[in-house]
Amino acid sequence: MFAYTIRRILMLVPVLIGMSLIVFFLIRAIPGDPAQIILGQQASKEAVAQLRDTLGLDEPWYVQYFIYMKDLLTGDLGNSIRTHAPISEEIWPYFAATLELSLFAMFIAVVIGVNAGIISAWFQNSWFDYVAMLLALIGVSMPIFWLGLMEQWAFAVEFRWFPTSGRESILNPVDSITNLYIIDTIIQGRFDQLQTVLRHLTLPGLALATIPMAIIARMTRSSMLEVMRSDYIRTARAKGLRMFWVVYKHSLKNAFIPVLTVIGLQMGLLLGGAILTETIFSWPGIGRYIYDAIGFRDYPVIQSGILVVALVFVTINLLVDLLYAAIDPRIKYQ
Amino acid sequence: MKKSLIWALAAIMLLSVALAGCNSNSDGGDGDKSKEQTLIFGRGGDSVGLDPATVTDGESFKVIKNVYDTLVEYGEQDTNVNPALAEEWDVAEDGLTYTFTLREGVKFHNGEDFNAEAVVKNFERWMTSGDSGKFAYYASMFGGFKGDEGHVIKSVEAKDDYTVEFKLNRPQAPFLKNLAMTPFSIAAPGEFDKIETEPVGTGPFKFVDWKRNDRITLEKNEEYWKEGLPKLDKVIFRAIPDNSNRLNALKTGEIHLMDGVNPSDVAEIDENADLKTFFRPSMNVGYLGFNTQMEPFNDKKVRQALNHAVDKEALIKAFYEGQAEPAKNPMPPVIDGYNDDVEAYPFDLEKAKQLLAEAGYPDGFKTELWAMPVPRPYMPDGKKAAEAIAANFAKIGVDAEIVSYEWGTYLEKAQKGEAPMFLLGWTGDNGDADNFLYTLLDKDTIDSNNYSRFANDELHEILVKAQSTPDKEKRAELYKEAQVILHEEAPWVPLVHSKPALAGLKTVEGFQPHPTGSDKLTNVSLK
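Going line by line, the protein sequences match chains A and L.
The numbering used here puts the first residue of the first sequence at 1, with every later residue one more than the last.
The numbering used here puts the first residue of the second sequence at 1001, with every later residue one more than the last.
Chain L extracted, bound-state conformation:
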């Protein structure tokens, strides 16, 4: 009995192997057999959750952005604010009242009506929770929760079915830009309990199912409010962790689009007749930070000296394959308020030596340079970049030992100020200067994102003033001023603004990568 069972099992296995071997169709991929337009998007990791307000990671937002809409939305490839669920809006003179007129006739995927009540319920869910561990983005963009001292939104009220009025406690210049962020997508109020795993929004695609660590399937929302859109019938987000593996899957047509292309693979993709590359407009900065509270980096001259000792062009050529531009400010040029008049520190080792001598280190010093262990769009290979930078530092007598930790450890230690010099970067959330300069370099954000632990009162005053200056021109002037201070004080060596590469089959049409890093696939189709 037992034996016959074993034999039967063995026979099944053998048959299986035989079957697997004799495959007839030559297309190694999964071959598109249906006439439906299904697009498979390959990415490096799975989503964490699908409730827009509770997640913080890019992989989650990529899917969420296609299931939900926001009141206002960013332009195709910029972060200007355009109508979406709100058709128009009116801002009071004092910047304290925003009145939105909502689009009529929009329905959530479950059939619920989208109206003013739904908007109020979404905001109330976030505002009144008081749980900054759960609604982290809300707390950080709108200054905490109802009752907190810094809370921006005083009240959200439905004036009638399709009019919502926001009253603010204090003017917030980037208020509309914040509303366009994916975390503030409007979800169906009846489904709040379920949307973490079964999202229900008004967006171009409806959620179908989710196989953890593998894929998320969405299908066309036939009643989408944008006439004739979306073009695709189905979108599947598939997690393929390894970059070269993902590219292999693209070459065989198992996926149609992928992000996270190694810069070194771009040339090969361009030569392949079936593939094409896309570049995401840059909204990031990769930098080398100094711990400004630690000797010798508490001396401005030392920081300036090292600014002269980094050859950015060489870095870009070697590690970004040219898909980046050298940075001179802590924020990228696409952002309002960018100061193009700032003159970059030229690569000049003599000048660097001279500045070091003035600072009292004619023979240089010994220190550590921390290198990121993981590739990020703004830093495809932290360790190699660190080696190249350290080689130039050695020429001026600065002996920098390269140190690296696992990513979680790296961030924690660097945040605590344990790193004398470190590589890091930032991708903007909402395309606003505040999200770079205040978030990364204000004295308020030490122990958070100000890894340089840079504290400057003059800068602080400017940045806080800019936060509540609604006038666009005046605000831009303030940020330009801030960049002059930052250039002079040099808490960082701003390295690059990179244009992360994506790749797709030639049959993919209408795909325009968005600078925020998550793309709405509404206009995409397959030839």
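Okay, chain A solo, but in the shape it has when bound:
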């Protein structure tokens, strides 16, 4: 197991190098000069040339890439062209904002999705099954942008149950310690703030949870159906075990492996792909951080931001793989 883990971690290195190369070239392939964009339409040609020089953009590509990699190896993600701040310092608050939102959304998705899937499988072909699977089908195909705007219109503007945007009450801001506001407010015992933080999380969390919830529900259902037809389940039922335990204990454990894979993949997607949700709800997360950087051709931020997201994505996948063994003793890694 240990050797396997080490091997997997080593395998991440070429993946990340490949990733960094692709991003490095793709962003340089888009036309648009960072210096020109930073200085705006007003700028003179001399000004642009001077800034290009300052930013090192006139160096040949391999020199630029080499410098970038050298800095990376020393843990230096570079400085943002736009704000001049070191990215390693700048990125955490954005990443934390996305992490909190993604975890919250994933929590909703897993709790509702898994249970809906189980109940649908348990009572296959019942009205609950039909309704749940219809909703799941709608959920999978739902444009998040539209859903987010509708949620906002209904629950924030019309009913005023939740705020339209942001992470916290601006007039009563959270003192950030970890930048994960749920944790920050609990540590500080500020339960009034905890409530506003949760209210801010609700709408974007629901919007973001929709697709994973639907996918998880469908996956759980089909996986459960398969397991529940197997012999050992029939035996368990014949033994007179209560159905609830048969479903939630004996079946779920075996049916959960494919569901876990889906959860892992979806979590990775949530972390990197929350851009739309972050835009609609003005969530200061990493998706928007990178998206804005593309508009400004802030090369270092795009490179390092995507690299961080990629790193998280592959790490989650690795963790999921390792979790298989923890859940199912039959799986052994060598």
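Misleading hints may appear alongside valid ones.
What the hints assert, rightly or not - With a cut-off of at most 30 Å between alpha-carbon atoms, the simulated BS3-like pairs for lysine-lysine come out as follows:
1. L/K1465 to A/K45
2. L/K1416 to A/K45
3. A/K45 to L/K1413
4. A/K45 to L/K1194
5. A/K70 to L/K1194
6. L/K1194 to L/K1300
7. A/K332 to L/K1395
8. L/K1194 to L/K1328
9. L/K1383 to A/K45
10. L/K1395 to A/K45
11. L/K1134 to A/K70
Honestly, the hints are just simulated from the structure, not real lab data.
Predicted, not measured: the structure shown is a model, and the values here were computed from it.
Given chain A's structure and the hints, the job is docking chain L onto it.
Just chain L, lined up with the frame of chain A:
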């Protein structure tokens, strides 16, 4: 152990959801609980930096303008020059010496005294840097840096504690107007290293903190030199990127004021009893440019023909909801030197066809029309506007394919002259005609802002002469002459001068949007 941890986490999460659900207060917004007057201003993006001299974007200036002052400032809603940090000034006969008497008793937010020395230090910081990538506005408004051939300012000297003397290398007619620009705000000399993120000025509000991509908080400067002002205790600039989202936040009272209102939302805002609209006086122009070095647009007759084929009134009705006026000159009427005697090309497809035939294109031709991918105040929906324009062009046989790129790409390609016809616009920096006509259409600015690549020696002579003509009347005459040439040569179809809409709660009082696009909130209060 592991399991119990998971259970504990799950319990916290569940509790959280429950707590979130059972919210008691019905006001969905963040509810103003304190008696302090806090105004939250919603805008489309975050600032890039807060050092006035090094930034070039509007979002940065919006905040900077409230933290700093300039030597002279623009009027409430115009670009006439009024006293600010300088109480009065004296201009020598030859236009080469400006002597400013500074206001006494003004302090920077960090306690430093504002005096002649501070002014000199600010100018020296810009003048001697030689880095046009860093101090871009200084270089473009004052002709480069110390030692450069075109540099306008020869020296800045403190005559005594409260007298500063500027000596110029050559007269610059819009010199005072330039000094009133936000980039030339006076910062505390002791803090130059820090002001990019922690600005220190003399302005109505002090900087408190900045959460990137989210908000910037300012608080009242109790010692502001304008008696009894500012009225607000706190101002928070909040970035909400999506226009409709921002409007939603306004409706729920989460923000008090917003810019970037979609023209199509104005009617809805006017019907809402809690909201009101504001209109920024127009200091912009939206236009359709021709690449005058490319066939067939190198022929004046073709350009004139297409000028006859654009229905500006219809565009304004459809895409600006009436909040714009049709343009006939490349600069808006509020600017000194505007030539109202120029007669707009009437919308006349027959005349257009006839001119095309005279130019040798009786059956028209095929070309491209580039459409802006992003909304700008002067062009709320570039693609739709392009479609409407192309539809009329088709009627005279000009088959224009609509092309669009991501914004950065669009500008770069158009600047290089790759676009045969393109939509673009400009918002003035200092309210001076030079900032439109010379900047956008002189042969010196090809490869920069002269996207039409229009070169005309007669025009060039007039524009350069006007730059150093201090006499207001004479100068205005020169610009009027320039507009006649531009009308005849028709490097553009000037489309509109728009009045960008803002919206606010009815409780907002004293807000007057400034034509430059950044507003000083000194006189604003909440009912």
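Now the hints, each set against the structure:
no.: 1; hint: L/K1465 to A/K45; in the structure: 23 Å, holds
no.: 2; hint: L/K1416 to A/K45; in the structure: 12 Å, holds
no.: 3; hint: A/K45 to L/K1413; in the structure: 15 Å, holds
no.: 4; hint: A/K45 to L/K1194; in the structure: 28 Å, holds
no.: 5; hint: A/K70 to L/K1194; in the structure: 29 Å, holds
no.: 6; hint: L/K1194 to L/K1300; in the structure: 53 Å, violated
no.: 7; hint: A/K332 to L/K1395; in the structure: 73 Å, violated
no.: 8; hint: L/K1194 to L/K1328; in the structure: 46 Å, violated
no.: 9; hint: L/K1383 to A/K45; in the structure: 29 Å, holds
no.: 10; hint: L/K1395 to A/K45; in the structure: 40 Å, violated
no.: 11; hint: L/K1134 to A/K70; in the structure: 27 Å, holds
Hint compliance for this structure: hints 6, 7, 8 and 10 are not met, and every other hint is.
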